Each structure stands twice: as C-alpha cells, then as structure tokens.
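Visitor: Chain by chain, the residues:
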Amino acid sequence: MEMPAPNQNVLSRKSQIVERLQSVLPIGAVIHTESEVRAYECDALTAYKCPPLCAVLPTSTEEVAAVLKLCHEMGVPVVPRGSGTSLAGGALPTADCVILGVARLNGVLETNYEDRYIRVQSGRTNLSVTGAVEEMDFFYAPDPSSQLACAIAGNVAMNSGGAHCLKYGVTTNNLLGVKMVLMDGTITEIGGEHLDAAGLDLLGLICGSEGQLGVVTEATLRILRKPEGARPVLMAFNDNEVAGECVADIIKAGVLPVAIEFMDRLCIETTENYAKAGYPDCNALLIVEVEGAPEEIDEQLALIKDIARKHDPVELREAQDEEEAARIWLGRKSAFGAIGQISDYMCLDGTIPVSSLPMVLRRIGELSDEYGLKVGNVFHAGDGNMHPLICYDANKPGDLELCEAMGAEILKLCVDAGGCLTGEHGVGIEKRDLMTHQYAQQDLDIQMAVKDVFDPEWLLNPAKVFPLDSSASRRMAAE
Amino acid sequence: MVKTEQELAEAVKVATGPLHIRGGGTRDIGNPVDGDVLSTAGLTGITLYEPGALTIVAQAGTPVSEIEAALDAENQRLAFEPMDHRTLLGSSGTPTIGGVVATNASGPRRISVGACRDHLLGVRFVDGSGTIIKNGGRVMKNVTGYDLVKLMAGSYGTLGVLSEVSLKVLPKPETETTLVLHDLTLNNSVVAMSAALGSPFEVTGAAFVNGLVHIRIEGFETSVAYRAGKLCELLAKFGEITQTEDTASAALWSDIRDVKCFADHDAVTRVSIKPSAASEFAENLWQTLRTDLAMDWGGGLMWFSMTEADGATHKALQNMCAGTGGHATLLKGPETMRADVPVFQPENPTVTALSQGLRNKFDPRGILNVGLMG
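Chains as they are written, first to last, in this note's numbering: chain A, 58 to 536; chain B, 8 to 381.
Simulated from the structure, these hints should not be mistaken for laboratory data. Given the structure is predicted, the values throughout are model-derived calculations rather than measurements. Please note: incorrect hints may appear among the correct ones.
Stated by the list, open to error - Here are the computed lysine-lysine pairs in the PhoX-like style, where the Cα-Cα straight-line distance is at most 25 Å: (1) B:Lys237 <-> B:Lys179; (2) A:Lys362 <-> B:Lys179; (3) B:Lys141 <-> A:Lys469; (4) A:Lys362 <-> A:Lys431.
Let's have the full structure, built from the sequences with the hints guiding it.
Guide: Structure representation (structure tokens):
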C-alpha cells in the first residue's frame, strides 16, 4: 500500500515542532523519542507500519485546539487516533505527522436518564459508555467487536456498527451532538441534546468522515433502556445458500430480530477447536437473537423456528438458560481470534443486499479456489454486512499481495452486487484505491470539496479515504 | 417538465438565474424564494423494491402514496412516518418522496426508529452546476466515503436537486394500541412520557395533544397486550388511563403526525429541544405570550401556534432555544411574516460559516433555493 512521501520540510523541523508542542501541553504529553513513538506506528491493520514524527496526548479540548492551531501554523499534518483499533488503517501515521491521541480524554461529563443521553469525552471506550449507565439499566447500542478497547472518537470517525445494528442502527443513528476542533484550532459544537439539526445536518456529515474534517473531543450519545431479556437460537444448515434464503424469509415475515449472525464451515470448525462452544457439524450456521419479555421472546422464536424448519435445518437449538445463550454466542464472538490462531488473515467488510447473499458466497468460494487462499465467512447477515476472512502467510513472500488482490476482487464483487466496499470499518488506506470502483470522479470530487471547506490545507489525516492520485493536487498544495 | 435525471441536469446547467426547486409543492417551508420553478414531479417511478432486503429505491418525484401502496402490499412501511404537510399548511398537490427527504420529514416514530435521514440509504442528485452525483447506495450499512446522504436530507433543495432516493423500510406491526392519560399538568405530561420512553416496553409514540398524553405501542398482539399492561402499571400514578386500539389508534397518530390540531392557525413554530426543558419552556410562554401548544417525541418536539402572525412569539422561541439548546423553525406563516423573521434558527458563527462553505461548493453559482434556509 503506497503512502505519500513525507514532507522533508516538516521532518527537518522535528525538534522545533516538538518544542512548540511541549510549550502548550502538560509534561509527558508529547511523545517523541524513536523508541516511544513506535507504540503509535500502526493500528489494527498491522501489515502497515510507519512511526510518526511524534505523538501528543492532550487532556482537554483546549489542549487539542492548541495542538491543532500550532500544527496548522507550522503546516504539519495531523493524524487523529482513538484507541488504534481501526482495521482499515484509519490511524496509520506518516513519518511527517503528529499523532493526536485522545486516550486521556476519557471522562463522563453528564448522564441524563430523563432525556436519555450521556455526554462523554471522546477517548472513552465504547463498552465503558454502557458501563457508566448500566446501574440504571440503560445501555449504549452500537457494539463493534472491539468495544472493550475502541474509543468513541474512533466510532464517530468511522461510523462504527456492530452485531445489533439491525435493530438499533449504527453510530450515526445514536449520536446527538459533538464538540469538535477544526484544523485551525476553532472549537465548535454541532448538534446538542435534541433530535434533529437546526440547519444543514453537519453532524451526519462528520460522523464517518474518518477524522478528516475535525477532531471530536466530546460526544452526546443516545442511551436506551435495556430490554427485559434476550435469547438466541442457533440454526444449523447444510448449505450456505439455504441459510441465506432463511435470512431473507425471516426478514420478510415481519419479525425483526436484534441480530442475525452467519458463520460458514471454516469458521465453525476453527472456532469449535478453539472455543469449544459445542456447535453442530454443519456447513452454515445462523445465530438469531430476539429481545423482550419471556412470553414475547417465545412468540418471536416460535415464528422464526417455523420459518427455519421450512429450510430443512440440521439442528435448531434455542438457549434454555443464560449459560446456553452465552455458549451460543461464544463461538461467534471468538471467531476472529480463532482464525487468528491458525493463520494470518485479512478481514474484509463489504456489504451487499441480503438477496445477493447466496450468489456472493458462491463466488467467494470460487475466488478462494482460484487464488488458493482459504476464506472464512462470519458476518452480520441481517444487514448484509459481510466479513470474509482471507487467510494468508505473512512470512511467505508475495502472500500478502496475493491476499490483497483477492480482497480487492471480493470488494468489487460486493459493489457489483449492489453493495459497497465497507459497511462499518471505514476506507482508511485499505480501500482507498478501490473508491473509484464504487464512485465516479465527480462523486469523489464533491466529497473532497467537503474536506476543502473544513480543512482547506488538507492537513488532517490527508492520505486516507481518497485515491492518492485523486487527492494529490490538494495535498501537494499544502506543502 | 423534466422527466429524466439527464433532463434535470441539463435544466440546471443551462439556468441563467435562480431556481425555485420543488417536488409536489405541498411543503412551502422556509424563507420565500425567488426564481423559475424547477419541479422534480415528472421524475416518477419505483426503480427497485426488495422486501427481503428491506429496501426501496424511487425517483424523487414519485408520489408518497405510490410508495406507501407498494410497501403496504408487502406488509411493510416507511417506519419514520413522514408528515403530510398538507393538513397543517393547507396546501394541495401530491407529496413526493423527494420532498419528504429534502425536508427530512419525520413523524412521531422518530423517537424509536429514527428520522427520515436515518432511513435514507442513498441519494442521486444534481448539484448547482448541473453535475449528477451519487452518494451512499442501497445497503443498510455503508461507510464508504463521506456521508452526503445525511447532508442532503433536510437540505431543502439548497445543495442539490434530488433525482433518486433509496430508503430502508420495515415490516408493519400486527397491531397497535394507544394509552391515553387524562388530567395531567404540563410538567407531569413530560415526566410521564419520559417514564414510558425510559421503560423497556418499546414505546413508538409519546405525544401531548389537546391536553391529553398519548403513548403508543406496536407489535405482535400478545406482546402489545403484555406491554400495555406493564405500562399501565408504570403510569398508574399519573391518574386515569384509557386505551384506544388498532385502527382508531392509527387514525389518532396520523392526526398527531400531521399536527392537525393547529391546521386552523395562521402561524406555527416547531421547536426541537431536550424533553426536560420542554415544560419550563412552555410555562414561560403560556404566561407571557399565550400560545397554544402540542408536543411530540416525548416533549422533544413542541408545536406552538400563534393566533396573530406577528413574528414576536417566534423570535421569543428562538431566543429561548439559543439559551437552552435546540432550535425553533417557523413552519407555517404568511410569506410576509417569513420574509420578516429568521424562519430557521440562527446557528453559531462557525457552523454558519461551514454551512455557507458547503453551499458554495455544492452550488457555486448560488442558484438553488437561494436563502430558503437563511
């Protein structure tokens, strides 16, 4: 993956830049020695690494503003970073950038149960937002797999989803307002505690802009009352396509489960060896979860099982108690880890219309044979958000490139099927060069024009999202 | 009248002066606009409808009624419950799906399932220089590039002229019921609605109209009965509760959605705030300005009607919003009044500058519904 050459004019001023940053930040908030900056050389897309010029860890919105104002003045690129869990390289540094980490901004500023929102600093982890309201039986709905570690800042930047968005939506549907700092150091508030925008919906634009429009330091999030209960049912089939048809039938029947998760044979076997969840021997497995009071759950699951029976399942297993429910989810939740135990892998994130599920799965199987790389499929089937895991050997020369080439083919397949390149991980650097497959030049131009408005010098996370040649003239103008 | 996206693009490209963009012309909202009318009402038709994928794609000028009929045949619906503005505004014509999107029209169910913008999956539009642009798509999860889809929702034709929209749809529930709470003070109304919305019983409507609080529950029959029972227990302390079921309940919410109670008033301001600020807000105004009031979204959406279209009440509401957070829009008022006051809430200088910056990029010649949003 190509990254732009670092600006020598910035590299040569490192000591001056560090000194000036130190002058506006508390002691210990500027990380600049060669060994220490290594901690920031990559995010969860570990195939790509580059130590930054330095990293800063401000403790307030005002300090974030001071850092950005300085970097703006000195023409230094800034890469914002939440917890560094991006799978798309959203927080990958360049050698000439300052990493702006929000990890020390992790407080809860306000909880309001009457109006059902919480206001937090953006470095707070996703799960600890729910943690802050759990005692009152409330929760924050978006639940990306990395929720133990990932920060709200990153969730807002990438518009993160999770397993339960079929019912609750993704970050943008649960975000009410932000405090944000623009690249020139201006602090502004967008949205608030109310439900809609006064004028243009800038909040909707900022969510998912991959840290290219501003640095979010505070977020106001909707919180919801927890349902009375939830129960999963595990459904095993002998055929991927049949499982796919079952998903469509469930949705058409008028039940709306909170989650419909899919796993194929490779994932089932691998997680079974790893997590011992007790999954049946089958080719395709669905986990369907519904919520409500016990009688409501009974009613919905009865309907869902009736539908499943028409598709000749190998097994239908409804959780009888909490422990069995946890075991049904165990395998799904450890799927990525399990695959990681047997191989290096690349995780894709293309989304397709649910109706094309059988066709796309079949084609992925064919590509797997053509490329000679194994692919495991585990994904959110209800909303068509696929997560093919392509296995490769990082130590084998050329294997990563082969894996990337195959990944690109799968993502193009998703777009051609009526879907998109990324459903919840973001473009980052990973899918940057595939953007032209989904969008025409004028579609990209208007998006880049949006960045021109927020960050005219293109200093904020500049080498992401857009194909490098498309953004070149804008990025060069900054130097 | 333009009939295709290409013709629409051409019409914008060759325009030499300001354009007044409209769909069915039933939502005359905003500061009065000059210019030649460019209507999308000729771009009609459902392009794609996949019930199993919960998605529908339609040309911007497609009548809302046509979409609703197609969805109804599959027992689905637009869950965000778009308001039909004809009732309140006294307008006639055929509401279009493009108009719904351009005004981000969202009804009572906004509090549980989200607004129009939350159900909008993709757009195609023509920008101010006549270029055809697409953003988003037709899948429910999509973070590929910037989300211009949200930006276009509620931009009132000031950033581009919508040609096609793609929406998420949801199954229709088996039944619905409404609990009606009588004898509540205004303050207690908000408290009662907050209690219902903060319960696990999945309330899909919470409104205060004609002095009564209405709480809606939808779903499978047994589940609705169960939750109605639980909510009655929870809300018993607020006094007498009666129940309105099924089609009568649906008719009730259709009136609430369309703010039918204020159809006869000359001027109506729509206020969006956090619910806990609602009662103080209302008490204040009742005493000083004597407006009439209805609330939706558990108090998060307030409708103030004015007997005299003089603008002072509206300005007072905007001033109050500036203090508490939130915003006030003059949704209905004679043209003279709308020309005289800021229809939309003035925003902070940074947001104003960013919004203007975006308008300059999307509409460099400044010809699309100029000044409509202020």
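Visitor: Which hint numbers doesn't this structure obey?
Guide: Violated hint: only 4; rest satisfied.
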